[in-house]
Amino acid sequence: MAEPMLQVRDLNAWYGESHVLHGVDFDVGEGEVVTLLGRNGAGKTTTMKSIMGLVPRRAGSIRFRGAELVGMRPDLIARTGIGFCPEERGIFASLDVTENLMLPREVAPGGLSVAEIHTLFPNLKERARSQGTKLSGGEQQMLAIGRILRTGAKLLLLDEPTEGLAPVIVQQIGRTIREIKARGFTVLLVEQNFRFAATLADRHYVMEHGRIIDMIPNAELEARMDTLHEYLGV
Amino acid sequence: MFTILGFPAPLLFGQLLLGVINGAFYALLSLGLAVIFGMLNIVNFAHGALFMLGAFVAWGLLEYLGIGYWWALVLAPLVVGAFGIVLEKLLISRLYKLDHLYGLLLTFGLALIIEGLARNNFGSSGMPYPIPASLQGAMNLGFMFLPVYRGWVVVAALVMCLATWVVIEKTPLGATLRAATENAKLVQAFGVNVPLMITLTYAGGVALAAFAGVLAAPIYSVNPNMGANFIIVVFAVVVIGGMGSILGSVVTGFGLGVIEGLTKVFYPQASATVIFLVMIIVLLARPAGLFGRAA
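Protein chains in written order, with the numbering used here: chain A, 8 to 241; chain B, 3 to 297.
Be aware that one or more of the hints could be misleading.
Unchecked claim - Computed cross-link-like contacts, DSS-like style, restricted to lysine-lysine with a CA-CA straight-line distance of at most 25 Å: (1) B/Lys187 - B/Lys172; (2) B/Lys172 - A/Lys132; (3) B/Lys91 - B/Lys187; (4) A/Lys141 - A/Lys188; (5) A/Lys141 - B/Lys172; (6) B/Lys99 - B/Lys187; (7) A/Lys141 - B/Lys187.
Stated by the list, open to error - A few chain B positions that, by computed beta-carbon distances, are all more than 10 Å from chain A: (8) Leu7; (9) Leu20; (10) Phe85; (11) Phe110; (12) Met129; (13) Tyr151; (14) Ile234; (15) Leu279.
Hints listed in this document are in silico derivations from the structure and should not be mistaken for laboratory results.
As the structure is a computational prediction, the values presented were derived from the model and not from experiment.
Every residue, glycine too, gets a C-beta built ideally from N, C-alpha and C.
Start from the sequences, fold in the hints, and give me the full structure.
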């Protein structure tokens, strides 16, 4: 069997003295949308940051298209073809919308053109000259997703893209994720809102205390709703 | 001879010109400091020493190789910039994870070493550097005589400040620089080689200082203390303008030069302290500086 696009094995991560990830294992196949579910503090965001090399210390193995990312610098990790949309969105206040959009480096051919991004998110075109942080929360999220679609990265890490947003914006972001999946992008999604995740994802990994404790294919989600509720404490 | 507010006009304009000249150097030096502080979070106390080094490189090029002013204006910043790369790679880059104070101590020590070596080898009396032939003489402006070289210094400093501002505020490279100043880690996760950018920013900042040093060489003699004389005032300029603010550095640099010059006319005793008086007042009213964003 061919190696999956992203293969994480025995991933450990630390912030100073505190050991946050304790041997995380999961796979993401090419073209899949996969979610990481779990309570606050389970290690979902840390897993994302570990893939990007943004934690102070990590160990284990993260293989992406055959390349080992543990030990690699974040800029080189990005250049292997991974786009990162952080939880806090990471819109730069000293840059306008266009500058924010153009900031991430192109890493491969096949990214969306600026015109295509403007078609997906018309607000970004209207507000091209506004200061990045003057946008509404929803517009900032669109900018944060839009700018990594431009780069040609084929694996997108989206950390809670719907957090704190109005339902109509959540729907728009859902449509966008389905659209980019249809275009062949692969998405690893951290979500608190598993009802939203269920409308998009192929598989769900459940995290607890810095480990993956279960994997639920989306088709089994309804049947295993009770188990999931128990995991997430909702 | 006409007078203004009871002072002879030539005296007033003379001091004003001197103020603008000093202001030009304040602006160029604080500009580099601001860029370096924004990106590296390091208060570069070696800035004055590298300004002095720029003047010494110009002097050495002329003395030993017969290379004149105009080439020195290009070569000295390159040489000092390259030296900056070595300093950053070898020493400064080891301190990014520590408190600001360590960077301050290291660069202060570097300044003492560089200035000490210069004093040891060249003495402290200073060496003259000739004004290039094409910039000698003076222009009659009607109300005063303007030495051509001094006019050139003001123009060159203004052009350099403007160019730096354009690069930082209006180009993709500048956008990356501004973004990295806000959140270097995220910019790196977008595929930008941030460590390289930090090194080049330091080199660029000290190259600006060296450029100022070459401009200064014909006005002040080339001597090991020329940077130390400026640097304290320049730090006041950076604090008043707002740490890390480009526009703030330039406006405050020229503004304080003028204030200092005028004080020399109206109340000479206060001319050495007036800048610090301004600093105290500004910090009381706006702790982030005139152009700084509150943290």
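Hints, verified against the model:
no. : hint                : verdict
1   : B/Lys187 - B/Lys172 : holds (22 Å)
2   : B/Lys172 - A/Lys132 : holds (19 Å)
3   : B/Lys91 - B/Lys187  : holds (19 Å)
4   : A/Lys141 - A/Lys188 : violated (29 Å)
5   : A/Lys141 - B/Lys172 : holds (19 Å)
6   : B/Lys99 - B/Lys187  : holds (13 Å)
7   : A/Lys141 - B/Lys187 : holds (22 Å)
8   : Leu7                : holds (43 Å)
9   : Leu20               : holds (35 Å)
10  : Phe85               : holds (26 Å)
11  : Phe110              : holds (29 Å)
12  : Met129              : holds (43 Å)
13  : Tyr151              : holds (37 Å)
14  : Ile234              : holds (29 Å)
15  : Leu279              : holds (31 Å)
Checked against the numbered hints above, the structure breaks only hint 4 and satisfies the rest.
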